[in-house]
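Given next are the chains, with one letter for each unit.
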Amino acid sequence: MSDSVYSGLLGESDPHWAFGTGFAEPLAGVDAAVPAGVDPADLGRYCLMLGDDALVLSQRLSWWTSRAPDLEEDIALANVALDLLGQARLLLSRAGGVAPDLVPAVAQQPEDALAYFRGPAEFRNVRLVEGEDVDFADAVVRLLLFSVWRLAVLDRLAGSRDGVLAAVAAKGVKELTYHRDHAGRWVVTLARGTAESRRRLVAALDRLWPLRAELLVPHPVEARMAAAGIGVDPAAVAAEVDAVLDQVLTAAGVDRPDVADAPGGGRDGSHTPALATMLAELQEVARAHPEGTW
Amino acid sequence: MTGPVTGPGGMVTGPATGPGGPVTAREVAETVVDPELPMLTLADLGVLREVSEVDGVVEVAITPTYSGCPALTAMRDDLVARLHRAGYPDVRVRVELHPAWSTDRITERGRRTLAEHGISPPGPAPRRRGPVPLTLGVPDRAVHCPRCGARGALVSEFGATACKALYRCPSCGEPFEHVKEL
Numbered sequence: 006m007s008d009s010v011y012s013g014l015l016g017e018s019d020p021h022w023a024f025g026t027g028f029a030e031p032l033a034g035v036d037a038a039v040p041a042g043v044d045p046a047d048l049g050r051y052c053l054m055l056g057d058d059a060l061v062l063s064q065r066l067s068w069w070t071s072r073a074p075d076l077e078e079d080i081a082l083a084n085v086a087l088d089l090l091g092q093a094r095l096l097l098s099r100a101g102g103v104a105p106d107l108v109p110a111v112a113q114q115p116e117d118a119l120a121y122f123r124g125p126a127e128f129r130n131v132r133l134v135e136g137e138d139v140d141f142a143d144a145v146v147r148l149l150l151f152s153v154w155r156l157a158v159l160d161r162l163a164g165s166r167d168g169v170l171a172a173v174a175a176k177g178v179k180e181l182t183y184h185r186d187h188a189g190r191w192v193v194t195l196a197r198g199t200a201e202s203r204r205r206l207v208a209a210l211d212r213l214w215p216l217r218a219e220l221l222v223p224h225p226v227e228a229r230m231a232a233a234g235i236g237v238d239p240a241a242v243a244a245e246v247d248a249v250l251d252q253v254l255t256a257a258g259v260d261r262p263d264v265a266d267a268p269g270g271g272r273d274g275s276h277t278p279a280l281a282t283m284l285a286e287l288q289e290v291a292r293a294h295p296e297g298t299w
Numbered sequence: 782m783t784g785p786v787t788g789p790g791g792m793v794t795g796p797a798t799g800p801g802g803p804v805t806a807r808e809v810a811e812t813v814v815d816p817e818l819p820m821l822t823l824a825d826l827g828v829l830r831e832v833s834e835v836d837g838v839v840e841v842a843i844t845p846t847y848s849g850c851p852a853l854t855a856m857r858d859d860l861v862a863r864l865h866r867a868g869y870p871d872v873r874v875r876v877e878l879h880p881a882w883s884t885d886r887i888t889e890r891g892r893r894t895l896a897e898h899g900i901s902p903p904g905p906a907p908r909r910r911g912p913v914p915l916t917l918g919v920p921d922r923a924v925h926c927p928r929c930g931a932r933g934a935l936v937s938e939f940g941a942t943a944c945k946a947l948y949r950c951p952s953c954g955e956p957f958e959h960v961k962e963l
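Chains as they are written, first to last, in my numbering: chain S, 6 to 299; chain U, 782 to 963.
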């Protein structure tokens, strides 16, 4: 018998990393071979882009736990955040597995090294996901803009020549489907609620709409991965993204914002100060206790 | 397949339980329950994919319900611990992502067990061709109260775990959970 009520959780296996999961190989059982004719470094960078998008938005959404308009919404956003964190883990593991040079040299599993030991300039997420939500409407609009795009991308990525990306995407499609529905329902609810809720929804749309442009401009890595049958050219999803956004805006009775596109750069590590602030909090414990276990 | 007779440290352990109890590695693995739905075994949940035993090495394949499912670690540890206790010292658990888990994998016995424990089981998982349709209205499911059978009313699409939605019963007044179709 053991001394701790928690020891049964560990079985006879190694202690869990304080910041990890105990899975030595999160992608075990999936064919890890890199498809023929593919540059592993490019594949790694592509996985980082998709993984960092999910990781950073997951952290942003987690902030709402205990702050959302009601308890059900606390739980809803935490659920969405957890799905995205799960996608991030798999994608960062894949990135580290195929392109070890991308992984900081610390004694951690690649997914943890990538999440906790890179600086802001090494993150490859779009700027849309890193901004602070100044209102609940921002969280709703940000999730809508992101999930409409990501669902369209993952739906195509499920046919990737890379078996890992295909499997992660197929699973992600099911999750993004209800993330997108949830965000869309909130946009309609806020727009058709009170004058105040509508005013704040429209303000959030005006603030965040310019950032969606970055999602649709192909980065050279995305273009090469698409050409190799591995990734998805974001330009190829632009029409579908537009159609779905129009569907939501029509249901909400809100005009498409008439605002100029914002500059991108996130895919090349050029971020707004909000990312550095977020990472300082996200990485604080892991960096203070790099070999902590529980 | 028969159970080994030596466990860690060479102790003679024999089968885990008496006559009629689980003996093979598969039978042992099939007794492990889900950490979040403990009335269901991993087999009934459709998470346990494969159990094989070759030269004393037991290999178990499981699949996550959701990408971020935090229960996966506990499932892995529970499988390893249960098989160790049953006298299988060398157990490897691998995670399979493909094909993705679906609620259609929950067995008929699993569905009955859920209902008996006050949780509404899922209907058929959605199928589609072409782009994923956007659903802005309230999901149209015929969910019935596991206690009194009346049609339930949706409270929230998200519950205490990723796999469940919250409902309440307008007839008996009780809240209940529904396993979402995935």
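Just so you know, the hints here were simulated from the structure itself, not pulled from any lab data.
Do not take every clue at face value.
Unchecked claim - If the Cβ cut is set under 8 angstroms, some of the chain S residues that face chain U in the computed set are:
(1) Leu-90
(2) Gly-91
(3) Lys-176
(4) Tyr-183
(5) Asp-186
(6) Val-193
As the list claims (entries may be wrong) - When the alpha-carbon atoms are kept at most 20 angstroms apart in a straight line, the in silico SDA-like pairs for lysine to any residue are as follows:
(7) U:Lys-961 with S:Asp-186
(8) U:Lys-961 with S:Thr-298
(9) U:Lys-961 with S:Ala-175
(10) U:Lys-961 with U:Ala-941
(11) U:Lys-961 with U:Thr-942
(12) U:Lys-961 with S:Ile-80
(13) U:Lys-961 with U:His-925
(14) U:Lys-961 with U:Arg-875
(15) U:Lys-961 with S:Glu-78
(16) U:Lys-961 with U:Asp-885
(17) U:Lys-961 with S:Glu-77
(18) U:Lys-961 with S:Asp-79
(19) U:Lys-961 with U:Leu-935
(20) U:Lys-961 with U:Glu-938
(21) U:Lys-961 with S:Val-178
(22) U:Lys-961 with U:Thr-916
(23) U:Lys-961 with U:Ala-931
We put the CB at the ideal spot given by N, CA and C, even for glycine.
* Hints breached by this structure -> Those not satisfied are hints 8, 14.
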